[in-house]
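Q: These are the residues of each chain, in order.
2 protein chains.
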Amino acid sequence: MTLAAPIIEGNRLALARLLTQIENGIPDGQAALSELFPRTGRAHLIGVTGAPGTGKSTLVNQLARFYRREEDESTRKRVGIVAVDPSSPFTGGAILGDRVRMQDLAGDPGVFIRSMASRGSLGGLASATAGIVEALDAAGYDVILIETVGAGQAEVDIARLAHTTIVIEAPGLGDDIQAIKAGILEIADLLVVNKADRPGVDATERALRSSLQLGHPVERVFRHHRPAAAEPESETTRAERKIWSPPILRVTATEGIGIQALAESVQQHRQFLEETGGWQRRERVRLQSELDGMLQAALVARWHAQVQDQLYQQTLSKIVSREISPWQAVKALLNGGAV
Amino acid sequence: MTLAAPIIEGNRLALARLLTQIENGIPDGQAALSELFPRTGRAHLIGVTGAPGTGKSTLVNQLARFYRREEDESTRKRVGIVAVDPSSPFTGGAILGDRVRMQDLAGDPGVFIRSMASRGSLGGLASATAGIVEALDAAGYDVILIETVGAGQAEVDIARLAHTTIVIEAPGLGDDIQAIKAGILEIADLLVVNKADRPGVDATERALRSSLQLGHPVERVFRHHRPAAAEPESETTRAERKIWSPPILRVTATEGIGIQALAESVQQHRQFLEETGGWQRRERVRLQSELDGMLQAALVARWHAQVQDQLYQQTLSKIVSREISPWQAVKALLNGGAV
Numbered sequence: 004m005t006l007a008a009p010i011i012e013g014n015r016l017a018l019a020r021l022l023t024q025i026e027n028g029i030p031d032g033q034a035a036l037s038e039l040f041p042r043t044g045r046a047h048l049i050g051v052t053g054a055p056g057t058g059k060s061t062l063v064n065q066l067a068r069f070y071r072r073e074e075d076e077s078t079r080k081r082v083g084i085v086a087v088d089p090s091s092p093f094t095g096g097a098i099l100g101d102r103v104r105m106q107d108l109a110g111d112p113g114v115f116i117r118s119m120a121s122r123g124s125l126g127g128l129a130s131a132t133a134g135i136v137e138a139l140d141a142a143g144y145d146v147i148l149i150e151t152v153g154a155g156q157a158e159v160d161i162a163r164l165a166h167t168t169i170v171i172e173a174p175g176l177g178d179d180i181q182a183i184k185a186g187i188l189e190i191a192d193l194l195v196v197n198k199a200d201r202p203g204v205d206a207t208e209r210a211l212r213s214s215l216q217l218g219h220p221v222e223r224v225f226r227h228h229r230p231a232a233a234e235p236e237s238e239t240t241r242a243e244r245k246i247w248s249p250p251i252l253r254v255t256a257t258e259g260i261g262i263q264a265l266a267e268s269v270q271q272h273r274q275f276l277e278e279t280g281g282w283q284r285r286e287r288v289r290l291q292s293e294l295d296g297m298l299q300a301a302l303v304a305r306w307h308a309q310v311q312d313q314l315y316q317q318t319l320s321k322i323v324s325r326e327i328s329p330w331q332a333v334k335a336l337l338n339g340g341a342v
Numbered sequence: 004m005t006l007a008a009p010i011i012e013g014n015r016l017a018l019a020r021l022l023t024q025i026e027n028g029i030p031d032g033q034a035a036l037s038e039l040f041p042r043t044g045r046a047h048l049i050g051v052t053g054a055p056g057t058g059k060s061t062l063v064n065q066l067a068r069f070y071r072r073e074e075d076e077s078t079r080k081r082v083g084i085v086a087v088d089p090s091s092p093f094t095g096g097a098i099l100g101d102r103v104r105m106q107d108l109a110g111d112p113g114v115f116i117r118s119m120a121s122r123g124s125l126g127g128l129a130s131a132t133a134g135i136v137e138a139l140d141a142a143g144y145d146v147i148l149i150e151t152v153g154a155g156q157a158e159v160d161i162a163r164l165a166h167t168t169i170v171i172e173a174p175g176l177g178d179d180i181q182a183i184k185a186g187i188l189e190i191a192d193l194l195v196v197n198k199a200d201r202p203g204v205d206a207t208e209r210a211l212r213s214s215l216q217l218g219h220p221v222e223r224v225f226r227h228h229r230p231a232a233a234e235p236e237s238e239t240t241r242a243e244r245k246i247w248s249p250p251i252l253r254v255t256a257t258e259g260i261g262i263q264a265l266a267e268s269v270q271q272h273r274q275f276l277e278e279t280g281g282w283q284r285r286e287r288v289r290l291q292s293e294l295d296g297m298l299q300a301a302l303v304a305r306w307h308a309q310v311q312d313q314l315y316q317q318t319l320s321k322i323v324s325r326e327i328s329p330w331q332a333v334k335a336l337l338n339g340g341a342v
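Sequence order for the protein chains is A and B.
Position in the first sequence (from 1) plus 3 gives the number in our numbering.
Position in the second sequence (from 1) plus 3 gives the number in our numbering.
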């Protein structure tokens with residue numbers, strides 16, 4: 004008996020337990036997730052990333068509230084929040100004010116908040132996050148906001164695998180932090196200048212705009228072959244040629260200013276993806292990344308089951324004493340022999 | 004012919020080329036590294052990590068200068084710097100002043116600076132960094148400073164694998180950033196409050212001190228079995244029981260204040276590791292992590308070589324259409340069959 008059935012019936016406790024199983028790499032969790040998998044693929048996955056201090060959590064909070072505001076219950080969206088950011092209030096680093104502001108969300112049955120205990124997670128941050136997002140998707144959450152800190156490779160990779168990636172900047176964080184954006188601008192579908200009521204917002208937006216023009220990030224993402232000149236352009240090709248220019252939006256998340264425009268922009272990006280086949284392309288990339296991660300873990304586990312731990316430890320000792328290099332060790336171990 | 008021989012002779016260009024080969028995962032690089040491996044194990048690996056804005060690069064810069072200041076050339080240390088931090092001036096995000104201040108280091112033949120192009124590196128950040136550190140070690144650099152941003156899982160893991168890990172904090176970075184320290188305090192051998200000339204330095208140090216007392220991070224690192232009461236304590240056991248309390252040091256790196264005390268503390272930590280067997284323990288953990296990473300990559304490569312890409316792509320398509328789950332796909336693929 005897995006947790007799949009009660010989760011489908013809307014049991015929040017069962018969902019919370021499954022997420023813990025997934026995070027701890029417990030086999031039962033994988034079995035339940037496998038049962039739930041046919042129900043996935045409906046949610047809009049939105050990655051939200053940026054340096055510490057840009058106000059990601061407040062923005063995620065406000066977006067979630069916006070989606071919950073719809074009067075008509077039948078069209079109101081259910082919202083999942085996955086916080087992978089060690090500096091996020093959702094993960095426990097909140098000052099009191101943030102926690103109070105989150106109370107309304109936490110008490111709403113249409114919202115499910117999950118923080119990742121990212122430090123030292125054994126199974127790998129990316130694969131645990133992928134599983135958690137799938138469980139929420141299967142449980143019927145329409146929008147899943149994935150908050151990560153945009154200063155780490157693993158965390159940026161997680162945000163990048165969403166359908167829509169929002170990269171947040173803020174004025175006045177100093178040159179050190181501005182420098183980060185060079186790396187993460189390339190993954191942005193939408194750019195937000197948060198804390199837009201602060202001095203320096205014009206300069207921040209200008210800097211973003213010139214970086215965008217410099218980098219042409221969009222062309223890299225939607226690269227395609229040009230149709231031969233003589234060939235008439237098909238509908239599909241024309242749609243494929245549509246290019247998304249990441250808009251830059253000003254938001255003051257603490258006041259809720261600019262949140263509606265941001266939500267509309269998110270919706271436009273979704274439509275763009277659906278019209279151009281980008282939605283399916285991103286699904287495939289994301290699921291391939293998940294498959295590869297699981298394959299890798301399974302191959303390593305199978306190998307360890309076949310090889311005596313004593314041989315492995317002896318080999319390691321020979322590396323420590325510099326008798327053989329790690330490279331030589333791997334070649335020997337894969338041939339099943341001692342070194 | 005690999006690059007190993009010229010590197011041993013001190014050819015910097017050959018070293019630079021090898022580091023590029025390692026970063027790009029080129030097989031020649033692995034062969035050269037394998038040849039160089041018996042010469043590794045002499046360098047003191049020092050991880051330096053902290054949130055963006057704490058002044059890591061300036062501190063790394065000043066430590067490197069300090070090690071180069073020794074009058075007597077025979078005892079003067081050769082210094083390698085590996086920057087894995089996307090916000091580091093070493094990786095290209097510098098404002099002009101930083102670059103000017105680094106000129107003296109860049110022109111010194113006893114210093115080798117290498118930045119990692121961390122975004123999108125194919126072979127994985129951790130394994131590339133491990134290889135680069137080994138190459139510098141074999142090339143005769145006595146101290147290798149590894150600078151990472153302490154806000155990402157992968158980057159923190161890299162710093163943690165050094166012999167000595169320095170975690171940097173700074174006053175006035177706001178609550179968002181303070182929250183990060185909860186995660187990285189546990190890996191600190193030395194704690195630095197940088198920018199100690201700024202207001203709020205007392206509060207930052209107090210907060211660090213109480214977090215340290217709360218977390219007892221040292222006990223987790225040097226956990227050991229208590230000897231039975233009747234048994235006389237051996238020399239080794241007594242040494243093992245010595246516990247390292249991470250000191251908190253105030254530094255103003257921009258002015259070079261506190262750098263000498265920091266370098267002395269680094270040296271004390273090295274002695275502590277050597278006396279307690281911690282040096283060897285950390286070597287083993289680090290090399291095991293490297294071995295595991297290479298094994299994993301090799302197992303995946305071998306598997307892909309054995310399986311037709313068509314089967315893999317068909318399986319992926321069935322996942323995308325939700326006919327099978329990734330978990331079922333992995334089980335089928337590992338049994339070599341179609342799904």
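Keep in mind that the hints were calculated from the coordinates and are not lab data.
Any given hint could be a false lead.
Pairs involving identical chains hold if they fit within one copy or between any two copies, as the list cannot separate such chains.
[Stated by the list, open to error] Below, computed lysine-lysine pairings styled on DSBU-like, alpha-carbon distance capped at 35 Å:
(1) 245 to 334
(2) 245 to 80
(3) 321 to 334
(4) 80 to 321
(5) 321 to 245
Q: What hints, given by number in increasing order, does this structure fail?
A: 1
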